[in-house]
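Undergrad: In the order they appear, the protein sequences are chains A and B. For what it's worth, the numbering used here labels the leading residue of the first sequence as 6, then goes sequentially. For what it's worth, the numbering used here labels the leading residue of the second sequence as 6, then goes sequentially.
Incorrect hints may have been included.
A pair holds if it fits inside one copy or across any two, identical chains being indistinguishable in the list.
The calculated EDC-like cross-link candidates involving lysine to aspartate or glutamate, where the alpha carbons are at most 20 Å apart (straight line), are [stated by the list, open to error]:
hint, residue 1, residue 2
1, 201, 166
2, 93, 204
3, 93, 103
4, 93, 186
5, 93, 54
6, 201, 84
7, 201, 252
8, 201, 27
9, 201, 68
10, 201, 59
11, 93, 59
12, 93, 219
13, 93, 256
14, 93, 75
15, 201, 186
16, 93, 78
By construction, these hints were calculated from the structure, which means they are not laboratory data. Treat the numbers as computed from the prediction; the structure is a model and nothing was measured.
Protein chains: 2
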Amino acid sequence: MGEGRSPVATPITVAVDAMGGDRAPAAVVAGAVAAARGRDLRVVLVGPETAIREELAQHRADDLPITLLDAPDVVAMAEAPLAALRRKRRASIRVAADLVAQGGAQAVFTAGHTGAAVLTAHATFGVLPGVERPALAVIVPAPRGAAILLDAGANVDCRPDHLERFGVMGAAYATVALNIDRPRVGLLSIGEEAGKGNDLVREAHGLLAAAPVDFIGNLEARDMFAGQADVIVCDGFTGNIALKVGEGLVEAVEQMLREELGAEVVSQVGALLTRRAFARFKQRVDAAEYGGAPLLGVAGLVVVGHGRSTPHAVETGIALAARLAAGGMIGRLGRALERGSGRQAAG
Amino acid sequence: MGEGRSPVATPITVAVDAMGGDRAPAAVVAGAVAAARGRDLRVVLVGPETAIREELAQHRADDLPITLLDAPDVVAMAEAPLAALRRKRRASIRVAADLVAQGGAQAVFTAGHTGAAVLTAHATFGVLPGVERPALAVIVPAPRGAAILLDAGANVDCRPDHLERFGVMGAAYATVALNIDRPRVGLLSIGEEAGKGNDLVREAHGLLAAAPVDFIGNLEARDMFAGQADVIVCDGFTGNIALKVGEGLVEAVEQMLREELGAEVVSQVGALLTRRAFARFKQRVDAAEYGGAPLLGVAGLVVVGHGRSTPHAVETGIALAARLAAGGMIGRLGRALERGSGRQAAG
């Protein structure tokens, strides 16, 4: 992969799956143009060449370091990913990953089918030593700063030892993404006591307590946004539910606040201030601001964006991919996992 | 139980576990006094008699239909419920359930240990025909009206057939609690397509599609508060996580809005209006407003309140218990389950 003990040479090239997401390729191309403009990074747009070229022509992008790589096939959001990937050998996500494997780029960004991205990354790059299941790590807001939540949806059915690895990988990622020395790792559950939770969580609790991380025990879901943990560990089904409830509730809050304020004889000033305040709050919560989740545990850098990614989300996702590549994230993760296994064996 | 084909005679007597919840007995006694005042219901406060009597003396309650029933033992929130109940034969939750079993009351309200309440209800009343796992059903807000979510935490590990029964019971409860003729039943998952979800959800999808309910398929967690389903089915771990994320996020929204508005040069008018609007919004979301979740599937009426119940939440929980008893909820649920099994056998 080129990531050794020292950071990768810049500028980073990001292979962007131009066909990923509900608004592809328009939103992806627009986001890629914005990412390449004014940042020290290069973009390779991967997808059906004619369509991408036409889309790119909508932008003044001739002077930008953006190139095209033809990939005629697309894995649609509703497809079963394994079957689709077997059939579609030249799907955009595969061609993008192959480019990284061949050294032509240092990271993949896709806002497409999460399952297809996970399977492709696994098959193309393999996993880091000690990892069985890669996990998607998202950044969630906290009162001061942010926290990492994983798995956000790569593994809908997990074993306790998978959750233990998520804790180790999440802690390693937090040192890179949040710049925290000793990240506090919490296990998402329905009560703070060690005995609270389902079978999966109860068993994972013991494994995480023995893992080489600063484990603070169970974290109640109501404290997910309270900043008590820097790393929040859960299976991908639970993580996805928790995140999506959050997204949906922010929308519901917005609508209900509007209704409630509308029911008042409200001064234009008050309403305007509230709208502006809410818009800023929403930015903090909105997935669009964070743009993407790295797939931790594979031996190549893949950042998965939200399927409903806006151009701005694509832009920040590509920037995140470049930043993680430049910081040698895969290498750091690999070393953290090695230390983890060592300590475990010693313990 | 006394619930036959016709509604139970009023006034209803509710056996209230006076030692349930973080603020017991003060919050429970205060809530019981409020519930008995101005409503056509009677309350039996169950707990250590001297302590309850002292607490009751703080209120002007001499003229209210409130009596005391001594129960010296308490199951604490941190205890393992099965062991605690074996040891504590005169725990307040058991004595309260026994009173209902003996006909001295028609419903139990507790804001105490959920696990202890579930085990006690199961042991004391048994389950309705066709039910293996009782489920806690909570009411969640929707843009217009409300929806039922179950299981909210009684069963942290479920099988697909449990979820199918939750759908049938939830639909029957929705006809009573929400006054809806044909409740739309949705299965909480991470994607709308039938194939999306973990193993549990994928198998439950097929069973619910064949069940005698108006099944609308998977419901994405982001749409939990959007009013697309009247009944939201999930396992108790997922349900509890989803609800608690919602609670926590409302608190986080409140704090962040306050910070954001504080960061503006904001007119006092604007801030005041926002606070008032938010307070009203919070009432709609807050568990305190709904006060309690009936345990569906046991052959006796038990309403479980939030462990952090305020006096107001206790009051509405007791009122809910009385209303469900007066409406013959157990009988209606039993008949809905019978119809369910009949159609299943025929199908």
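Undergrad: Compare the structure with each hint and give your call.
TA: Now the hints, each set against the structure:
1. For the identical chains of this complex, residue 201 and residue 166 are intra-copy neighbours only, at 18 Å inside a copy versus 23 Å across copies, given an alpha-carbon limit of 20 Å.
2. Taking the closest pair of Cα atoms, residue 93 and residue 204 never come within 20 Å of each other, the shortest separation being 38 Å inside a single copy and 26 Å across copies.
3. In this homomeric assembly, residue 93 and residue 103 come within 20 Å of each other (Cα to Cα) only inside a single copy, at 14 Å, whereas the closest approach across copies is 64 Å.
4. Proximity of residue 93 to residue 186 under the C-alpha cut-off of 20 Å is found in neither arrangement, the shortest distances being 43 Å within a copy and 47 Å between copies.
5. With identical chains, the CA atoms of residue 93 and residue 54 are at most 20 Å apart within one copy only, with a shortest distance of 16 Å there and 73 Å across copies.
6. Proximity of residue 201 and residue 84 under a CA criterion of 20 Å is satisfied inter-copy only: 11 Å between copies versus 37 Å inside one chain copy.
7. In this homomeric assembly, residue 201 and residue 252 come within 20 Å of each other (Cα to Cα) only across copies, at 19 Å, whereas the closest approach inside a single copy is 26 Å.
8. For the identical chains of this complex, residue 201 and residue 27 are inter-copy neighbours only, at 17 Å across copies versus 38 Å inside a copy, given an alpha-carbon limit of 20 Å.
9. For the identical chains of this complex, residue 201 and residue 68 are neighbours neither inside a copy (57 Å) nor across copies (42 Å), given an alpha-carbon limit of 20 Å.
10. In this homomeric assembly, residue 201 and residue 59 never come within 20 Å of each other (Cα to Cα): the closest approach is 55 Å inside a single copy and 34 Å across copies.
11. Within a single copy, residue 93 and residue 59 get their C-alpha atoms no closer than 23 Å, and across copies no closer than 75 Å, so neither meets the 20 Å cut-off.
12. In this homomeric assembly, residue 93 and residue 219 never come within 20 Å of each other (Cα to Cα): the closest approach is 43 Å inside a single copy and 37 Å across copies.
13. In the homo-oligomer, the alpha carbons of residue 93 and residue 256 never lie at most 20 Å apart, since the shortest distance is 37 Å inside one protomer and 46 Å across protomers.
14. In this homomeric assembly, residue 93 and residue 75 come within 20 Å of each other (Cα to Cα) only inside a single copy, at 14 Å, whereas the closest approach across copies is 72 Å.
15. When the C-alpha separation of residue 201 and residue 186 is checked against a cutoff of 20 Å, the pair qualifies neither within a copy, at 29 Å, nor between copies, at 37 Å.
16. For the homomeric pair residue 93 and residue 78, the shortest alpha-carbon distance inside one copy (6 Å) is at most 20 Å, but the shortest distance between copies (66 Å) is not.
When held up to the earlier numbered hints, the structure conflicts with 2, 4, 9, 10, 11, 12, 13 and 15 and fits the remainder.
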